[in-house]
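Participant: Start from chain C and add chain P according to the hints.
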Amino acid sequence: MRIAPTFNVAYRALRRNKMRSVLTALGIIIGVGAVIAMVGIGNGAKAQVEAQIASLGENVILIFSGSTTSSGIRTGWGGAGTLKIEDAEAIRREVPGVIGVSEEVVSTTQVAAGNQNWFTRIFGESADYFDIRQWPLADGAPFTAQDVRGANKVCVIGRTTATQIYGNENPIGQILRIKNVPFTITGVLTPKGLSPQGVDQDDIVVMPYTSAMKRVIGGTNLRNINVQIGDPGQIAAAQQQIITLLRQRHNIRPGRDDDFTVRTQQEIAEAATATSRVMTVLLGAIAGVSLVVGGIGIMNIMLVSVTERTREIGVRMAVGAHGTDILTQFLIEAVTLSSVGGVIGIICGIGVSALLSIYAHWPTLISIGSIAIAFLFSAAVGVFFGFYPARKAAALDPIEALRYE
Amino acid sequence: MNNGALVRLIDVHKVYRTGEMEVPAVRGVSLEIKRGEFVALMGASGSGKSTLMNILGCLDRPTSGSYLLDDADVSGLNRDQLADIRNRKIGFVFQNFNLLPRTSARENAELPLVYNTQRLSHAQLRERADRVLAAVGLAGREDHHPSQLSGGQQQRVAIARALINDPEMLLADEPTGNLDSRTSVEIMGIFQHLNKRGITIIMVTHEQEIATYARRNVMMRDGMILDDHAVSQRSDAAAQLQKLGTDVTM
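For the protein sequence lines, the chains are C and P, in the order given. Read in this note's numbering, the first sequence has 209 at position 209, and its numbers run on one by one without any break. Numbering-wise, this note's numbering comes out as the position in the second sequence, counting from 1, plus 405.
Looking at chain C on its own, in the form it has when it is part of the complex:
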């Protein structure tokens, strides 16, 4: 094969028709650019959801109380009140690999301080909660295990709650009245932003679950239990052990349904990212269509080019070009158009993604993998759509080609 000079020949041919080459490449530029930008947007959205899921904490197992039916009314998860403080303690004691357990009760209520008041969510938790959710305090100190044991009137608050009630004042050490019970604020949480469901996670008051049960919400049932496992490899085993343990504790006979639900963070994450994954595939597919259209543009131009240059092909064959030389030449022309278009398209796609991030505040994520795939795909488009015209050129009869008008 005479690759090097054939490259030169193909390059010269493209240069002879600058405008046409640029316009043909433009189809690929737009196609690849669209793929890069669209997949970037999709991946960005997925990454954002994943980050939010990760904010639930790492290696976390969530146990929800089951549903119950009372006078035909079903309460929904957490309504059955089947989870007890003793269940949480049993998990802490008996399930291997557990490094943190937080008993959780949740309510919403009006809170007040001075002349300000605010409707917010009250979370009763154990002292492990901040580790489990990887939610450090921005300021002050969290409540302690001692506070939990004593059901002390202390709490930490989220950024939103702090701003709504205290404005720019420092809330630490201030008294927050919750259902007329005065709680001392010991700390302010770092802002976490919106949850995947769009709830403001910083609009919150977190206090010992004992205090919440005794002084705010009442009752002795837990809505759920958050469990953190030290080693990610033990999560599945721990999940199984928790189920076995709770069935045993709740005296559930074999064959009967659980009166609780156990979810790992992994399962929650998969459900939440499924949507954005579908979106990524959909956006990529739509952009892929424009890439295919660009490829058809290349094929069209190459066919025109073969017809137009029939005499040239005849001359080349007359002076000794083999069919493969002609095939290679036209294939190189097509692949050059598509891969140069691909490179420019990648640059354009990255640029568009960057602009969308900056001006529309859409999260975008461009991976090396998507760039490599886009480039290889554009080159493949050149080979695929260039092959037919190139083969047509190579199959020409030199006598006919020389006589072509």
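It is possible that part of the hints are untrue.
[Unchecked claim] With a cut-off of at most 20 Å between alpha-carbon atoms, the simulated SDA-like pairs for lysine to any residue come out as follows:
#1 C:K18 - P:R484
#2 C:K392 - P:N483
#3 C:K214 - C:A145
#4 C:K18 - P:H550
#5 P:K439 - P:D478
#6 C:K192 - C:I399
#7 C:K392 - P:R484
#8 C:K18 - P:S552
#9 P:K648 - P:R587
#10 P:K494 - C:I399
#11 C:K18 - P:P506
#12 P:K494 - P:D476
#13 C:K192 - C:G140
#14 C:K18 - P:T508
#15 C:K192 - C:D128
[Unchecked claim] Which stretches of chain C does chain P cover? Using the computed rule of at least three CB atoms under 8 Å from a CB of chain P, they are:
#16 311 to 322
#17 396 to 404
None of these hints come from the bench; they were simulated from the model. For each residue, glycine too, the CB sits at the ideal point set by N, CA and C.
Facilitator: Only chain P this time, still in chain C's reference frame:
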């Protein structure tokens, strides 16, 4: 075996098939052309001279009979082998020049070297192209594109391209068909000069006058050779041009 014959056609037939019809274009031609000859192949259109030319140029294969070029039978070679023969042994000059548009005279002349088996450096390519361009009187015009050259100059570029691989023979198909009479004489001058240096030339023409520049005329009719004779009153292009009042550009 080698009696100085460069080309030996032995009972060559060429039949074209168009559907059910069989159209014989060449019907039993035997022809011997020695090294250093300058042959004009003549005949009316439909006489089979173009088909014979295509066979001689290894662009086409005879249906039957054999063709020995330089003592090697080329009548049974495949496409690629024929392409290699064309590249090494034959230089083509066409009626309509067939230069690549928007491509310099130098690059046009270099074209056969691109498909040569021997690898030449860029500088060597350039050097050889410039040498053959100078040999046809185009020194200084190496960078001109065909559109910037006259018809005669374009045909000189084509001749330079035909010569660049030092071929055994030059095949010219109506080389003066698109040129005025004066330029035609100039091109014949180049041919006669090249022939004097030993290059074998086979030229298809239908102009009696042009044929007199050759040494030998072969007349065809109905796919057969009608007449084959040496030119008795040979025209001398150099003398003609002198008569016309200019010196030869070579």
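Participant: Now, for every hint given, state plainly whether the structure supports it.
Facilitator: Each hint tested on the structure:
no., hint, result
1, C:K18 - P:R484, "violated, 33 Å"
2, C:K392 - P:N483, "holds, 19 Å"
3, C:K214 - C:A145, "holds, 16 Å"
4, C:K18 - P:H550, "holds, 17 Å"
5, P:K439 - P:D478, "holds, 16 Å"
6, C:K192 - C:I399, "violated, 76 Å"
7, C:K392 - P:R484, "holds, 16 Å"
8, C:K18 - P:S552, "holds, 18 Å"
9, P:K648 - P:R587, "holds, 11 Å"
10, P:K494 - C:I399, "holds, 18 Å"
11, C:K18 - P:P506, "holds, 14 Å"
12, P:K494 - P:D476, "holds, 12 Å"
13, C:K192 - C:G140, "holds, 17 Å"
14, C:K18 - P:T508, "holds, 14 Å"
15, C:K192 - C:D128, "holds, 18 Å"
16, 311 to 322, "holds (count 11)"
17, 396 to 404, "holds (count 3)"
This entry does not satisfy hints 1, 6, going by the numbered hints stated previously.
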